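Chain residues, written in single-letter form:
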Amino acid sequence: MTTEAELFKQGRHEELWQRCCGFIDLSLGDFMNVQQRLLLEQLELLKRCELGHYIMNGAKPNTVAEFRERVPITTYTDYAPYLLKRKMDVLPKKPILWQYTSGKSGEYPFRWAPVTAGQLEEIESLIFALVFFSSCKQRKEIVFNEHDRVLYGMAPPPYATGSMARAFPHELFNFLPPVEEAEKMSFEDRIQQGFKMALSEGLDLCFALSSVAVAIGDRFSQSSRKTDFGSLLKHPRASLRLIRGLIKSKLARRPLLPKDIWSLKGLITFGIDGSVYREKIKEMWGRYPLDFHGCTEAILIAMQTWDYQGMTFIPHLNFFEFIPEEESIKSREDPTYQPSTLLLDQVKPGKYELVITSFHGGPFMRYKLGHLIKITSLRNEQLNIDIPQMVFLSRIDDQIDIAGFTRLSEKVIWQAIENTGIAYKDWTARKEVKDKPVLHLYLELQENGRVNAEQVAESVHQELKRLDAPYADLESFTGLRPLEVTLLPESSFNLYKLRQQAAGTELAHLKPPHINPSDDTIDFLVNTAGKVAVETRQKVEA
Amino acid sequence: MNLWAVIPLISCLAFTALFILVLQQARRRVDKVFALFLLASGIWSFTSFMLVRNPQVSSPSPHLIFWNVMVIVAIPWVTICYYHFVRAYNNKPGGIVVYIGYTFVLAILGLGLAGYIVKDAYMIDGYLYHDIAPWDYVLAGILVPFLALIILMLVRRYRSSTNPIDRNRTIYLITGWCILLVISYITPFTTTLKGLPTDHLGNLANALIIAYAISRFHLLDIRFVVRRGLAYFILIIGLLGVYLGTVLLGYRFLPDQPLYTILILASSLALLLALLARPLRYFIQERVDRFFYRETYEHRQILLGFSNKMGNILNLDELASEMLPAVTKALNVTQAKLLFQNMSSGDFITQFRYPEVKGESGDEFRFNADNPIVAWLIKENTALNLEQIDSIPEFKGLWQSEREQLTGTNLWLLFPIKNRGNLVGILALSKKRSKSFYSHEDIELVMSMANQAGILIENAQLYAQATIRANTDGLSGLYNHRYFHKCLEQEVARGSRFGSIFSLIMLDVDLFKSYNDTYGHLAGDQVLRKIGSYIKGSIRTVDMAFRYGGEEFTIILPEAQIDDAYTVAERIRKIIESNMASSAIPITVSLGIANWPSDGLMQEEVIACADAALYQAKQTGRNRTCLSSDILKPELLVAGAELETRPKALSIIYALAATVDAKDHRTYGHSKKVSDYSVVLAQALGLSGDRIATIRSAGLLHDIGKIAIPDSILNKEGPLTEEEWIPIKAHPRLGVEILRHVIDLVNCLPAILHHHERYDGDGYPSGLKGEDIPLEARILTIADTYDAITSARPYHQQLSSQQAFDELKRCAGTQFDPELVDVFCKTMEQTLSTGVETK
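Here the protein sequences line up with chains A and B, keeping their order. Numbering-wise (our numbering), the first sequence opens with residue 1 and increments by one. Numbering-wise (our numbering), the second sequence opens with residue 1 and increments by one.
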């Protein structure tokens with residue numbers, strides 16, 4: 001069989017599109033057939049392995065209905081005894097690599113998940129799909145060429161996005177810097193180096209965390225005021241590119257932005273903040289980012305297409321079940337409760353918690369990802385895609401319940417802060433109960449002294465009311481404003497990061513979580529970081 | 001006006017029309033670049049027309065020099081545009097080479113306009129004479145690498161592609177390019193055509209071919225066009241030759257005749273020939289086809305007229321034997337397979353293949369009914385190239401094993417064979433012997449044959465089904481009584497003629513009447529159905545199984561000695577016994593075997609012998625196999641008399657045990673297992689046969705009293721209340737109450753009553769202690785506990801055998817007889833380690 005890379009090299013674009021992107025043209029019936037068949041294949045594998053026997057409690061289901069009836073909904077705790085030790089002989093298929101993400105505090109530091117050869121093959125094909133969708137304006141349009149330049153700004157292996165870099169057909173593209181070198185560098189060095197190389201060599205595709213894409217844009221706008229032409233003379237190609245960009249930005253009477261330097265063919269971003277920064281990224285890079293949804297356990301779940309709206313589910317990596325929101329809440333309140341699930345051809349627009357079963361020999365069975373998603377429509381009318389469309393809302397754990405009225409997700413709070421237009425460095429928030437439950441937002445501003453905490457609280461409050469109707473109801477019903485804001489001392493988040501780095505913490509834990517940080521974290525940000533910052537400043541002044 | 005100028009003029013008009021047409025539909029990059037090529041070509045033709053329109057122009061003429069410069073600029077421009085188009089066709093960016101090319105064109109333009117290239121130009125009698133040295137060599141030096149790169153890219157594309165449509169499209173481009181090269185780039189250097197604008201003909205032909213390929217590439221195979229074109233070409237040349245020949249001969253041999261007479265004569269002859277043109281064309285076409293297809297021609301003809309030749313076939317074997325060789329020979333294919341749907345499973349299974357490959361079995365290649373490939377073939381009306389299986393999104397649902405099966409074979413194409421929209425078969429073709437790929441025409445040819453074959457295959461299948469139905473017993477799925485006699489007669493006839501042998505097995509279900517009376521006729525039918533399937537699954541494909549009547553079955557085993565038949569019979573007996581036991585159905589079978597010719601030459605004699613052996617099996621205790629040679633052995637009959645009552649009692653016991661097990665599906669088979677474990681222990685203790693039989697029965701029935709316990713208590717997952725314990729503790733006594741009227745089972749009652757007593761006296765119902773508890777009961781207690789521990793129950797987790805032994809040992813002396821625990825554990829450990837079944 002001809003591989004995707006060979007098809008790409010030979011210019012057989014039509015075949016390549018059909019192979020990688022063809023799943024969006026499946027009817028819902030065909031989508032379900034693929035799901036059912038691959039699940040039955042997976043059941044055969046599970047019946048023959050220790051993990052399958054253990055999780056299914058000896059059951060040997062032969063049909064989808066039997067599987068859903070006899071196998072309980074699982075969480076990582078069920079797999080922990082096997083996966084944390086990375087036992088291979090108990091799995092349905094021997095993995096070719098392991099990836100991890102941050103774990104559960106106090107129980108396990110990481111959640112390890114194996115990836116099989118079959119899964120990795122499908123990922124490679126889906127990365128092509130992401131690349132094509134990010135650049136096309138219509139079906140079967142492929143504008144990328146061999147040796148196009150790619151800036152890869154995702155986390156390194158063994159994080160899942162790092163595994164994606166490995167699956168990315170990097171022999172076809174010029175990675176900035178090359179993958180082998182990049183894997184040996186720290187994340188920050190890699191981005192720095194890639195950025196420099198892109199300045200001199202050009203850039204066609206950016207595949208980055210949303211925050212990285214924004215950070216690069218910010219760096220441009222800040223550096224354009226103090227361009228060091230002397231150093232640029234050493235790199236004539238970079239200088240030319242930069243001068244051209246500066247002229248463009250001057251003509252447009254605004255700071256220099258990435259779009260002035262590069263005319264990207266495609267931009268792919270990942271992260272919960274994708275939709276929050278969507279407009280900002282468009283403004284900076286000149287095109288909307290293509291977003292996708294995935295995680296360590298499910299790898300890839302859904303991806304946007306070239307209308308940059310809802311995401312289309314991927315039929316051949318995981319079997320999908322959906323817990324309706326009310327059932328999900330019930331199961332959170334009573335962990336022994338087995339919630340009922342729906343299949344993709346049974347869902348209606350609304351909120352659901354995702355449950356997946358891995359295909360291709362992956363280990364997870366009816367695994368509750370803890371992801372709250374929203375089915376936005378049952379098909380994409382604009383692009384004639386007959387598969388329900390979704391957006392990711394939040395992690396189930398990353399929600400703050402305010403007086404039972406509303407559950408505010410990380411995304412909504414983030415969006416509200418962004419919408420206020422206040423320049424900030426970072427934030428974290430949690431529910432605190434004093435005489436009444438409040439949402440306490442801790443915010444570090446770009447520049448202290450311009451606005452006070454009350455002004456920030458009022459602005460964020462207004463935005464939250466606009467974005468979340470139940471939140472608005474809370475005020476109208478109770479007359480309360482359940483929001484408090486504390487402005488953190490300068491460099492609090494930076495100091496926190498330094499502290500974590502000094503303690504040898506993994507990349508995923510360098511920043512405090514946005515939602516529900518621990519008392520220790522809040523104490524450090526509010527008190528210790530403030531003291532350190534003041535002392536440092538005094539020393540500098542002295 | 002120079003008549004030769006008509007060529008660039010027509011060419012210019014054609015390019016303008018093409019340019020407008022293509023530009024209207026130019027969405028893809030390849031279309032846009034093609035439009036650019038047309039534009040350049042149109043300008044080339046126009047400048048050429050302007051250059052040569054006057055046949056006589058004397059030197060020096062600034063006007064002529066200007067247009068000559070324009071033509072010289074247009075030629076490399078067209079070539080670079082064509083190179084650019086081929087890059088776009090291969091989905092490659094223009095690249096630096098294209099930029100260099102266009103820069104070169106601009107440079108030529110600049111130099112030309114500055115007067116450095118054309119020094120002199122004039123026209124004499126329509127021929128152009130110009131002085132452009134040394135630029136003609138410079139131009140050639142630059143353009144030759146581009147021309148070479150074009151052909152290289154096209155040939156690479158053709159060789160890398162496996163898709164017939166894509167290859168077809170590419171061959172159009174290669175053909176067009178060759179025409180362009182010969183007519184436009186080479187012939188202008190010949191003495192005759194030098195100075196004439198004939199080079200535009202090549203460019204125009206190429207453009208027309210590309211336009212056709214881009215818009216209609218899927219329509220025709222280039223080979224088809226060449227063949228058809230050649231036939232017409234020969235015909236027209238022939239007619240023209242006849243006409244001119246007649247005129248010349250007329251002049252020569254009839255010099256006195258007026259010209260019009262000769263012309264009328266020649267025209268009449270040509271007209272006559274033209275009337276014959278149609279049959280003549282067929283004749284010429286056949287010759288041309290034979291030349292192209294050589295030895296495969298005849299087979300192609302068979303495929304083309306398939307439905308006419310096969311119209312009366314009602315037999316799938318006959319159809320396959322005509323169809324498959326024709327396909328493989330016509331297309332030079334390594335192997336062709338025909339897959340038909342299995343009526344019971346719905347799967348498509350290989351039934352015929354040609355040529356046969358040594359060691360290949362019939363079932364080696366199949367598609368399950370739910371295979372997405374089957375769904376695709378039902379939906380689509382075209383061939384499936386197996387290269388596409390990774391590309392078609394519906395096939396994402398293929399299992400890894402299914403993909404491996406497909407990629408592991410030599411198969412290349414699958415053709416759906418349909419009738420009225422129903423998929424009735426699949427024709428699978430392997431790769432070609434020459435390793436070449438299938439052409440579009442090949443696929444069309446086979447598709448047309450497959451379409452014609454659909455109705456024939458459906459008719460043949462219906463006929464075959466009708467024949468099978470007439471010979472099949474509807475209940476068991478085996479052949480029927482009538483067909484048995486026919487087959488037996490054939491076997492006897494075959495044996496008489498060829499000296500072959502066969503064996504006959506007669507099988508009868510034991511105590512089937514009692515089963516029917518107890519469980520009803522529907523359950524009885526179910527048993528017969530199961531037995532039918534067990535028999536079918538236990539014999540070779542050449543063996544034939546029949547329902548002889550009622551609960552009797554027969555099996556004919558061609559070429560089987562009586563010992564081999566005995567092995568088969570025993571296998572069937574054991575499979576039925578174990579499967580029925582695991583389904584808690586108290587059914588066994590007895591079998592009798594006879595052999596032809598040793599047990600008689602007439603078919604009636606063989607049947608009688610097998611029947612007598614079967615009677616012997618029944619008489620000697622049932623659930624056994626007897627040979628015709630065993631008949632009337634008195635010692636067996638005596639032993640049988642002793643055993644006669646046991647099966648009867650056992651069937652009652654099985655039925656009662658099944659009733660208890662059915663109450664709680666989670667303890668399914670518990671009674672049977674307790675019985676088996678008890679027997680193991682009893683045998684290890686060296687107890688007598690009678691006591692072992694008693695223990696076996698007691699094991700099966702020890703929980704019979706649970707019939708009275710409500711399901712809510714039996715299935716409760718948490719601990720029981722005191723009230724709930726009352727019926728539980730009463731179940732041994734209740735069991736005794738139920739069974740005490742069955743005389744055959746009286747010996748079992750003590751064991752059943754006391755199987756919950758504890759060795760330390762704390763058990764129930766009587767609180768017996770130590771050796772006071774009957775030995776059979778103590779055995780049952782251990783077996784019962786062992787099975788409970790090693791089985792999954794609502795109130796505890798399933799444990800391993802070793803954990804169960806540990807638990808038994810821990811409770812030895814309190815709950816269990818320590819000596820018995822010791823023996824049991826040792827025996828079971830040995831049994832488990834040797835993998836011997838407890839039975």
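Some clues are possibly wrong.
[To be verified] Distance windows between CB atoms, simulated:
1. B/Ala369 - A/Gly504: 23 to 29 Å
2. A/Lys85 - B/Gln802: 46 to 52 Å
3. B/Ala148 - A/Ser200: 32 to 38 Å
4. A/Gly286 - B/Ala133: 37 to 43 Å
5. B/Asn381 - A/Lys85: 50 to 56 Å
6. A/Lys85 - B/Ser514: 38 to 44 Å
7. A/Ser200 - B/Asp120: 48 to 54 Å
8. B/Arg497 - A/Glu121: 34 to 40 Å
If you're looking for bench data, these hints aren't it; they were derived computationally from the structure. Predicted model, so just to flag it, every value in this text is computed and none were measured. Note that the Cβ used here is the ideal one computed from N, Cα and C, for glycine as well.
Results of checking the hints against the structure:
no., hint, verdict
1, B/Ala369 - A/Gly504: 23 to 29 Å, "violated, 58 Å"
2, A/Lys85 - B/Gln802: 46 to 52 Å, "violated, 23 Å"
3, B/Ala148 - A/Ser200: 32 to 38 Å, "holds, 35 Å"
4, A/Gly286 - B/Ala133: 37 to 43 Å, "violated, 53 Å"
5, B/Asn381 - A/Lys85: 50 to 56 Å, "holds, 54 Å"
6, A/Lys85 - B/Ser514: 38 to 44 Å, "violated, 58 Å"
7, A/Ser200 - B/Asp120: 48 to 54 Å, "holds, 52 Å"
8, B/Arg497 - A/Glu121: 34 to 40 Å, "violated, 59 Å"
The structure fails to meet hints 1, 2, 4, 6, 8 from the earlier list, while all remaining hints are met.
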